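What follows is the residue order along each chain.
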Amino acid sequence: MKRDAMLLVDALRDPSGITELDADGWTALLAMARAEQLLGTVARRLSGLSVPGAVANILGEARINAEYQRRSALWEADCARRALAGYPGKVVLMKGTAYAAAGLKASEGRHIGDLDIMVARDDLPQVEAALLAAGWEWVKSDPYDDAYYRDHMHELPPLIHKERDRMIDVHHTILPLTARPKPDAVAMLEDAVALENGLYVLSPRDMVIHSAAHLFADGELDGGLRNLWDIHCLLAEFGDESFWQMLKSRAEHHQLWPAVYRAGRLAHRLYGTEIAKDWQRRNRWDNWYAKRLTARDDWGRGTRKFIRLIFYIRSHWLRMPPLMLARHLWVKWRKPV
Amino acid sequence: MTGSQPLKYKAEPADRLLVEPLDAITLIYQRRSGITHMVAEPVPEILTAMGSDVLDANAVAIRLASQFELNDAEAIHIVAARLEEMAALGLVERVHA
Amino acid sequence: MHEFRVQVGPAAFRIGSAWKRPLDQLAELYRDYPVPEVPDYSVRLKAVSFWRRFIRPSVAINGDYMLPDAAPLPLVQGLLAAEMAMNLQMALGWRRHLLLHASAVEKNGRAVIMTGASGSGKSTLAAMLGCRGWRLMGDEFVLLDPVTGELAPFPRLISLKNEAIGAMQAMALDGRFGPLMTGTPKGNIRHLVPARDAIRSMAEPAQPALLLFPSFGFEPAVREISLSEVFMRLTQASTNYVALGERGFTTLTRFIKTVPARAIDYRDGQEAEALVDRLWSELA
Chain A
14 MKRDAMLLVD
24 ALRDPSGITE
34 LDADGWTALL
44 AMARAEQLLG
54 TVARRLSGLS
64 VPGAVANILG
74 EARINAEYQR
84 RSALWEADCA
94 RRALAGYPGK
104 VVLMKGTAYA
114 AAGLKASEGR
124 HIGDLDIMVA
134 RDDLPQVEAA
144 LLAAGWEWVK
154 SDPYDDAYYR
164 DHMHELPPLI
174 HKERDRMIDV
184 HHTILPLTAR
194 PKPDAVAMLE
204 DAVALENGLY
214 VLSPRDMVIH
224 SAAHLFADGE
234 LDGGLRNLWD
244 IHCLLAEFGD
254 ESFWQMLKSR
264 AEHHQLWPAV
274 YRAGRLAHRL
284 YGTEIAKDWQ
294 RRNRWDNWYA
304 KRLTARDDWG
314 RGTRKFIRLI
324 FYIRSHWLRM
334 PPLMLARHLW
344 VKWRKPV
Chain B
81 MTGSQPLKYK
91 AEPADRLLVE
101 PLDAITLIYQ
111 RRSGITHMVA
121 EPVPEILTAM
131 GSDVLDANAV
141 AIRLASQFEL
151 NDAEAIHIVA
161 ARLEEMAALG
171 LVERVHA
Chain C
2 MHEFRVQVGP
12 AAFRIGSAWK
22 RPLDQLAELY
32 RDYPVPEVPD
42 YSVRLKAVSF
52 WRRFIRPSVA
62 INGDYMLPDA
72 APLPLVQGLL
82 AAEMAMNLQM
92 ALGWRRHLLL
102 HASAVEKNGR
112 AVIMTGASGS
122 GKSTLAAMLG
132 CRGWRLMGDE
142 FVLLDPVTGE
152 LAPFPRLISL
162 KNEAIGAMQA
172 MALDGRFGPL
182 MTGTPKGNIR
192 HLVPARDAIR
202 SMAEPAQPAL
212 LLFPSFGFEP
222 AVREISLSEV
232 FMRLTQASTN
242 YVALGERGFT
252 TLTRFIKTVP
262 ARAIDYRDGQ
272 EAEALVDRLW
282 SELA
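Residue numbers (my numbering), protein chains in the order written: chain A, 14 to 350; chain B, 81 to 177; chain C, 2 to 285.
Be aware that a few hints might be false.
To be verified - Within a straight-line C-alpha distance of at most 16 Å, the following computed EDC-like cross-link-like pairs (lysine to aspartate or glutamate) qualify:
1. C/258 to B/100
2. B/90 to A/17
3. A/195 to A/141
4. A/304 to A/91
5. C/258 to B/103
6. A/103 to A/203
7. C/108 to C/274
8. A/175 to A/141
9. C/108 to C/220
What the hints assert, rightly or not - Here are some, though not all, of the chain C residues that point toward chain B, as calculated from beta-carbon distances under 10 Å:
10. 244
11. 258
12. 259
13. 261
These are calculated hints, taken from the structure and not from any lab test.
Being a predicted model, the structure only gives us computed values, none of them experimental.
C-beta: ideal position from N, C-alpha, C; glycine also.
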């Protein structure tokens with residue numbers, strides 16, 4: 014029996030392999046999928062296949078849940094659309110909600126949490142005012158956190174709707190301002206694609222680039238298998254001969270080629286994603302990434318603590334220059350819980 | 081709000097709503113949002129009267145006049161207030177010219 | 002890690018624990034229940050930190066579904082931690098039925114459902130009626146099938162609190178009680194194994210026939226409740242109404258339109274039983 018989340022990776026990559034699973038194998042697969050927030054995706058990938066009755070019930074439940082998250086996410090986007098009807102600029106949906114609104118395969122069964130939108134940086138005050146007028150309010154009132162967000166992050170401090178209890182993150186670019194790569198947010202907005210309802214999503218290239226940036230730069234690769242599955246689906250949907258070169262030059266423009274390149278290699282390695290021939294190179298660090306991404310046991314618990322720690326420190330390093338990191342951690346520690 | 085044109089509204093299409101009258105309260109389940117609204121008169125009546133047309137409060141009040149014995153000024157006032165509440169809930173949408 | 006599995010009604014659980022004792026207690030109390038092959042949910046009882054596994058051991062709850070602020074419990078309350086964790090999985094995860102925070106008992110294939118705030122006595126009432134000719138279907142959660150409208154039993158261990166412990170000790174058989182846990186967040190708690198027939202027939206659904214909103218501590222009385230109030234109170238008693246979407250709406254509206262509802266006040270078990278019997282013969 015497989016000892017890590019390669020069990021989950023293989024089920025997503027080739028669902029027909031599940032016929033070999035026994036009860037313990039299923040138990041482990043389902044626990045890992047839940048821990049990676051991929052159970053809804055697994056349920057979609059396995060639909061139509063014959064599975065044990067108990068498993069069918071669990072997958073059915075996951076489908077109901079995914080439907081609920083999709084419905085709520087699209088409605089929340091629509092609420093934002095109505096609240097911002099008077100705003101003339103582009104309102105760009107991001108991540109899960111964008112995939113669902115654009116009808117992309119990456120949204121099938123996907124867990125979708127908060128609403129993420131992107132607008133032009135100069136318009137933030139106007140957008141903020143419109144959302145506050147439509148019933149959203151600040152989650153945090155701590156002045157340090159607030160100043161931190163505004164000075165260093167790529168988004169407003171999170172807002173929550175007082176009646177629907179749903180969060181919205183308003184971004185003006187895709188990475189924290191302190192991160193080393195400086196993506197060209199203006200170009201991203203310029204290229205964004207209109208949906209029927211007047212909202213926008215990123216262009217296919219920028220969508221892949223954002224997804225890759227999100228995989229490596231946000232967090233400690235937690236939920237990495239889910240993000241990598243997004244990339245797999247996006248590349249499978251967009252990737253033709255002409256796409257690869259366009260993607261590379263665009264990623265270079267956004268200073269995010271290393272992230273996109275690595276994401277492509279890892280998707281190819283784990284999920285069998287088709288990528289350009291000359292991208293299929295071996296990289297020494299990819300082994301570590303793959304080990305980190307699949308570090309789960311049959312209870313869904315995170316394993317490989319040492320590798321996790323390396324990625325934790327690395328991820329903070331990526332987001333913030335060291336001195337700023339020290340100051341940030343100090344303020345966080347000092348604050349009473 | 082201060083423009084010379086009165087605000088116009090469009091109702092959520094009837095096939096996207098499940099309406100269940102209980103007593104003084106009517107339940108309206110909205111398929112798109114998954115939200116159940118508990119509403120009182122004249123909200124269900126407004127939705128029915130609007131159908132799929134784009135209307136301002138005045139036009140809705142005229143359509144409701146046959147059902148409610150209200151004088152015109154009062155009716156428009158009530159309907160306008162309800163339409164704004166319904167817009168906040170997403171049951172009707174403001175139509176921008 | 003030690004492991005225990007149990008099937009309660011339609012739900013199957015796997016419980017892992019850093020300590021053996023809470024699982025031995027569970028195995029003893031759930032001895033008549035089936036053991037599932039593939040669990041619906043996994044729950045873990047783990048030490049707050051490595052050292053706290055040995056020194057003043059403290060149980061942190063972990064599982065497929067978690068609350069970020071669930072406070073740890075001392076090891077002697079490990080059984081309670083496991084029960085709370087299983088309830089949490091149901092409350093946050095279950096989507097196969099409309100889940101109501103309520104108790105239910107059955108007779109001749111038809112069920113009385115009791116719901117209300119904690120302290121209303123719904124759990125104790127169900128436990129008592131379960132010893133007096135009714136079949137206990139559940140003391141905490143009621144599961145409504147969206148397709149058939151029937152009630153699926155969820156007869157987990159009955160969680161008795163404070164005064165209810167003494168009252169039930171006078172009524173239920175010896176050998177069906179768990180250890181007395183004092184000083185828990187909810188006072189004293191002692192678990193009671195449901196009667197054998199309740200466990201044996203835990204796959205048999207019932208038709209909902211009467212809905213009661215009990216209030217403990219008042220002169221006996223019966224009040225009618227408007228449909229809209231019933232609807233509102235039941236949505237508040239459900240943890241998955243919104244998640245079920247249209248299915249939840251049609252299930253709940255069908256339920257409230259076909260099942261008569263009353264609020265009842267009572268001061269003791271005898272009064273409550275008399276009221277339930279009366280309303281059962283009048284309405285159900």
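Quick rundown of the hints versus the structure:
Distance hint between residue 258 of chain C and residue 100 of chain B is fulfilled; the C-alpha atoms sit about 10 Å from each other, no more than 16 Å. About 53 Å separates the Cα atoms of residue 90 of chain B and residue 17 of chain A, which puts this hinted pair outside 16 Å; it is violated. Straight-line distance between C-alpha atoms of residue 195 of chain A and residue 141 of chain A comes to about 24 Å, which puts the hinted pair past the 16 Å bound. The hinted pair formed by residue 304 of chain A and residue 91 of chain A fails the criterion: a straight-line CA distance of about 39 Å is larger than 16 Å.
Straight-line distance between C-alpha atoms of residue 258 of chain C and residue 103 of chain B comes to about 11 Å, which keeps the hinted pair within the 16 Å bound. Distance hint between residue 103 of chain A and residue 203 of chain A is fulfilled; the C-alpha atoms sit about 9 Å from each other, no more than 16 Å. Using a Cα cut-off of 16 Å, the hinted pair residue 108 of chain C and residue 274 of chain C holds, with the two alpha carbons roughly 14 Å apart. For the hint pairing residue 175 of chain A with residue 141 of chain A, the CA-to-CA distance comes to about 15 Å; that is within 16 Å, so the pair holds.
Between residue 108 of chain C and residue 220 of chain C the alpha-carbon distance is near 27 Å, which puts this suggested pair outside the 16 Å criterion. The restraint placing residue 244 of chain C at the interface with chain B holds, with a minimum CB-CB distance near 8 Å, inside the 10 Å limit. The criterion of a C-beta within 10 Å of any C-beta in chain B is met by residue 258 of chain C, whose closest approach is roughly 8 Å, and the hint holds. Among the interface hints, the one on residue 259 of chain C is violated; its C-beta lies about 13 Å from the nearest C-beta in chain B, farther than the 10 Å criterion.
At about 15 Å, the closest approach between the beta carbon of residue 261 of chain C and any beta carbon in chain B exceeds 10 Å, and the interface hint on this residue is violated.
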